[in-house]
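Residue numbers (the working numbering), protein chains in the order written: chain A, 187 to 437; chain B, 1154 to 1478; chain C, 26 to 320.
Don't take every hint at face value.
[To be verified] No farther apart than 27 Å at their CA atoms in a straight line, the calculated lysine-lysine pairs in the BS3-like style are these:
1) A/K260 x B/K1269
2) A/K193 x A/K260
3) C/K142 x A/K278
4) B/K1269 x A/K263
5) A/K260 x A/K249
6) A/K374 x A/K390
7) B/K1337 x B/K1363
8) A/K295 x B/K1476
9) A/K295 x A/K278
10) A/K305 x B/K1363
11) C/K142 x B/K1291
12) A/K278 x B/K1269
13) A/K414 x A/K249
14) A/K423 x A/K193
15) A/K249 x A/K193
16) A/K249 x A/K305
17) B/K1291 x A/K278
18) A/K251 x B/K1363
19) A/K278 x B/K1363
20) B/K1476 x A/K278
21) A/K263 x A/K414
22) C/K198 x B/K1269
[Unchecked claim] What the simulated footprint calls covered on chain B by chain C, stretch by stretch (three residues with Cβ under 8 Å from a Cβ of chain C suffice, anywhere in the stretch; the number is not a length):
23) 1271-1277
24) 1336-1346
25) 1433-1445
26) 1451-1463
Quick caveat, the hints were computed from the structure, so don't treat them as lab data. Glycine is no exception: its CB is placed at the ideal position from the N, C-alpha and C atoms.
Each chain is listed here by its residues.
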Amino acid sequence: MAILEIKGLRKSFGGLAAVAGVDLEVQDGHIDSIIGPNGAGKSTLFNLISGYYPCDGGQVFFKGKDITGLTPQKRVKMGMGRSFQVTNIFPKLTVFENIQATIIYRIGKGINFFSDVRKYAAEEIEEILSMVELIEQADDMAGILSAGDRKRLEMGIVLATAPDLLLLDEPTCGMSPAETSNTIELIKKIAQDKSLTVLFTEHKMDMVFSISSRITVMNFGAIIAAGKPDDIRANEKVQQIYFGENRCSSK
Amino acid sequence: MQEVKKSSASAWLVWLILIPIFLAIPFVLEKGISQYYLYLAIKVMVWALFAMSFNLALGYGGMMSFGHAAFFGIGAYTCSLLLIKTSCPLVLAFAAATFAAAAAGLIIGYLSVRIKGIFFFATITLSFAQLAYILVFKWRSFTFGDDGIQGIPVPEMISTDETYIKYYFFALVITVICIYLLWKTVRSPFGLMLRSLRENPERAVFFGMKVENYRLIAFVISAFFSGVAGVLYAFLETAIAPDILFWSMSGEVILMSVLGGMHVFLGPAIGAAIMVLLNTFITSYTEYWPLCLGITLILIVLFFPGGVAGLIHERYTIWRKKKAT
Amino acid sequence: MDFDASMLFVQFISGLSRAMILFLMASGMTIIFGVMRVINFAHGAFYMIGAYMAFTLSSVLTGPLGFWGALLIAPTIVCAIGGLVEVVLLRRIYEKEHLLQILLTYALIFVINDGIKLSWGGEMKIVTLPEVLTGYVTFSGHPFPIYYFFIITVGVLVAVLLWLLLSKTRFGKLLRASAEHKDMVGLLGYNVGGLFTLVFIMATWLAGLSGAVIAPTVRLSLGMGMDVIIECFIVVIVGGLGNIWGALLAALIAGQIYAFGILILPNFAMAFLFILAALIIIFRPYGLLGRATQA
């Protein structure tokens, strides 16, 4: 069954078509990826799926329901969690609080003025922090973490929303090769343990091919190829536009 | 566990020292030095409460309101007008005033949080607060216009006619209760929500938060306590004028928070104390108080955005690190 | 009070002249925000400097030079101060939070207000007009100052020049591009610092000009800056943030609302503007001509 289904999605900025009619399906339980050069429209596509931008046309179905016009908040509630390309955390909260804030909101305790926040949800926070390997740093300010740790913290925040579908926008961007392979293993393991579906965008080829069940290649806002890793590797068009370069967006 | 016990023990110790000091202040100041100093002490208290209420919006909610004088003034005016024009009892007038301030907070807040972006928040709060000022200033038949209200009938129980001591304790109890409630709020789950959306509203949206609602609630709470401060101010001065709603009053409370340190709970209170004393000192020499205010604000923005409390905190952290190594 | 047609026309013209002043102010403010992402709270203070400068210059410069000289020199002095403020103060904190930038311009109001009080004193001032502009035109019995037509002419002239600047020059295209996409200027590799200074000088020149133009029609007082800035905020909100033509449209509407509102509630004409702003915020949050992405 497809947990996420996209039909003819479009979005332009000014005269530029950032996403020009994209169709995509993600099967339940898969780890799928979207690749493509910078400016191919991957991040815009993510922003449309997660409701960050309204789309100009097309439809998004999540768990069989049409969510095209819904607010980001409603999509989160339905079980869609996302990370950002430029890491998006709460820099002046501790690592612990980053996760705690997310959980408190999810369990509906946000409007509670008089109880002490410190004791809330300690167990679940510990579980998530150990999952993303940040338990040692629990009391550090999130802003002073290393780039890789911050990426994993953001993943922890997303996990704390208890998602069924994980949208990860370049989850290893800015990481060293060692960190990268560590993170790949982590994503695999988390997806298995929590039986999550994952869709991510990426630049690093090795990572994409080792982990994905299905790869979609985008360029100029459109899909130019989609299929199993071996098919994509063999695809001439993909080789032409993509394999000459292999870079992480320099942000 | 050990640490928790230790900290609660030291908290008790702090209270053990603080309570006698606060009990002794009025007698020492009024009997020992001069009534004027007790008046100043109460003034510091009122402004501290106002600044801390304001800082719930600024420091914890990340909302730079340029119109908080409106809530302070609406609190003061509602209470004074009720006492003058009706025979309503003090408690009722007090409650009505704070709810009027909260209602104004709801209206201005609703308009301000609707549109994303710092431009709208800043301009809408300033503009609509200035509208409140214009209404109070020009609606002579109802508010006495720019004559203001003189001789507010403060009940005998807390009257400041002969001594400020009675009123000191009244204001102290109310201020302490309000600050305690604010403290509970910032340490509550709601407080954490507020800090997280201050830090990164975008991330908060993408963990599902309806950011506008949380901002609005915080804004209304902030307006409510600002209204309490306004009432305390009216009783202290026993006379008020539309000036207390003027945009420059909002500027003073902003400066108090920023000067004291908006990211530390008691920071704004420190700022209030400094500002009230500085104001008393400077206005006795020159009429150019706003100039000093503006220059101070510029210097803080450029060189010490953390404020006094931020500076102390920073030094303390460095000192502790040095000690550890 | 009789509401005959000529009287309504008189109100219409006075609303139009008010609209032009608002447009001069709001266009500068919206350009500053569009390019620099800073709200210039001190915009009204610059307007006030313009007015007071016009007062001094028109009394110092004698003969036919007087007022006309003031009209040219006052805005130039104001924009020189504006440029100085940008280079010395604002430039230091572009990297920091928006909150601090706003606070800085806000602090400037206090400084400039008291600076004016220090230099010119607190009492009200009156600027005298050259003879050419002092006459009245009469519309079926209602005298109407010629000067208002002069203000309208200035406003139209500036609007046309702005239009030419924005649509026909490279600089203008850059301004529009950066108002729509805030990272655009940096991405295109332009010298952002220089552009910011230029924009700030241009906007404060407009503020100075509106101050100098309005000076002969009002009594100069220390509150005038704040009064105009709030109307200006409303105009920008109603018109749509970052949209200059939205600001023009909103200024025209605001001018008329004020001109006719004053007939209904003489003391509270401003309140109508606030009602308009509230309605726009509730029903059309991004303004008449604004778009959601610009916020």
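A quick look at each hint next to the structure:
1. A/K260 x B/K1269: Roughly 19 Å separates the two Cα atoms, so the pair holds.
2. A/K193 x A/K260: With Cα atoms ~20 Å apart, A/K193 and A/K260 stay inside 27 Å; holds.
3. C/K142 x A/K278: Answer violated: C/K142 to A/K278 is near 42 Å, above 27 Å.
4. B/K1269 x A/K263: Satisfied, since the Cα-Cα distance of roughly 22 Å is no more than 27 Å.
5. A/K260 x A/K249: 13 Å, holds
6. A/K374 x A/K390: 16 Å, holds
7. B/K1337 x B/K1363: Given that 27 Å is the threshold and the Cα spacing comes to 22 Å, the pair holds.
8. A/K295 x B/K1476: 40 Å, violated
9. A/K295 x A/K278: It holds: about 21 Å lies between the C-alpha atoms, which stays within 27 Å.
10. A/K305 x B/K1363: 24 Å, holds
11. C/K142 x B/K1291: 25 Å, holds
12. A/K278 x B/K1269: 22 Å, holds
13. A/K414 x A/K249: Given pair A/K414, A/K249 holds - Cα atoms ~23 Å apart, limit 27 Å.
14. A/K423 x A/K193: This hinted pair holds, its Cα atoms lying about 23 Å apart.
15. A/K249 x A/K193: It holds: about 14 Å lies between the C-alpha atoms, which stays within 27 Å.
16. A/K249 x A/K305: 34 Å, violated
17. B/K1291 x A/K278: Given pair B/K1291, A/K278 is violated - Cα atoms ~45 Å apart, limit 27 Å.
18. A/K251 x B/K1363: 22 Å, holds
19. A/K278 x B/K1363: 21 Å, holds
20. B/K1476 x A/K278: Roughly 24 Å between the alpha carbons, so the hint for B/K1476 and A/K278 holds.
21. A/K263 x A/K414: 31 Å, violated
22. C/K198 x B/K1269: 26 Å, holds
23. 1271-1277: Answer holds; 6 residues pass the 8 Å Cβ test.
24. 1336-1346: Three-residue rule not met by the region 1336-1346 of chain B, so violated; n is 0.
25. 1433-1445: This one holds; 3 residues, not fewer than the three required, reach chain C with a Cβ under 8 Å.
26. 1451-1463: holds (count 4)
Violated hints, listed in ascending order, are 3, 8, 16, 17, 21, 24; each of the other numbered hints is respected by the structure.
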